[in-house]
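Full structure from sequences and hints, please.
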Amino acid sequence: MSIRRILATASAIVTLGAIAPATASAASLTELGGFLSQGIQSADCNTLRSTLTLIDQSTEGELLTPDTTRNQLSKNLTALGNSKELGPLAFAAVKYAGQTADRALECKIVKEDTIATGGTGLSSKIADYAPLLSSMIQKD
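Residue numbers (my numbering): 10 to 149.
Hints in this document: simulated from the structure, not taken from any laboratory. Check the hints yourself; a few may be wrong.
As the list claims (entries may be wrong) - Distance condition first, Cα-Cα at most 30 Å in a straight line; then the derived BS3-like pairs of lysine-lysine: (1) LYS84 - LYS120; (2) LYS104 - LYS117; (3) LYS84 - LYS117; (4) LYS104 - LYS120; (5) LYS84 - LYS104.
Stated by the list, open to error - The following label-pair restraints were derived from C-beta to C-beta distances: (6) ILE124 - ASN55: 24 to 32 Å; (7) PHE100 - GLN50: 17 to 25 Å; (8) GLY43 - GLU69: 28 to 36 Å; (9) GLY43 - GLN66: 26 to 34 Å; (10) PRO75 - GLY43: 32 to 40 Å.
Each residue gets a CB set at the ideal place from its N, CA and C atoms; glycine is no exception.
As structure tokens, this is what we get:
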């Protein structure tokens, strides 16, 4: 694994709040999830931008461009779940993709979705879960 990938992974883990205090080792998964969620919601915008840029540079494809929208970033982060390069970070990227994309929108790192960019005008939560629901329906 290259130094750049290691740095990107380490930086992303810190930014996403995946390094919990020592007392969190005894915490339940729910508490840990709350900790991660809170870490994303309060992430510094410059740190979030740097982290997303590092992840983008250390993985294949484009995670983030000047024209990336909120839903596109969420989908791109979710796609990292198939990446072996990120290891444990892949889980965090998938689980918290929507929340990270929401924070990126608040920080003006990504653009707001419109009908022209594939936005539905529906809640971002619905947009995040629509592909999963669609695949579940098609299995029946």
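Now for the hints, and whether the structure bears them out:
Proximity of LYS84 to LYS120 is assessed by CA-CA distance (about 14 Å); at most 30 Å being required, the pair is judged to hold. Between LYS104 and LYS117 the alpha-carbon distance is near 22 Å, which keeps this suggested pair within the 30 Å criterion. With a CA separation close to 17 Å, the supplied pair LYS84 and LYS117 stays within the 30 Å bound. The suggested pairing of LYS104 with LYS120 holds, with an alpha-carbon distance near 21 Å, which does not exceed 30 Å.
Between LYS84 and LYS104, the direct Cα distance comes to roughly 11 Å. Compliance with the 30 Å bound is thereby established for this hinted pair. Our hint of 24 to 32 Å for ILE124 and ASN55 holds, since their Cβ atoms are close to 31 Å apart. A beta carbon spacing of about 19 Å between PHE100 and GLN50 agrees with the range 17 to 25 Å that was offered as a hint. Evaluation of the 28 to 36 Å hint for GLY43 and GLU69 yields a pass: the beta carbon distance comes to about 32 Å.
Hint check: GLY43 to GLN66, Cβ distance near 30 Å, so the stated range 26 to 34 Å holds. Our hint of 32 to 40 Å for PRO75 and GLY43 holds, since their Cβ atoms are close to 33 Å apart.
Taken one by one, the earlier hints all hold for this structure without exception.
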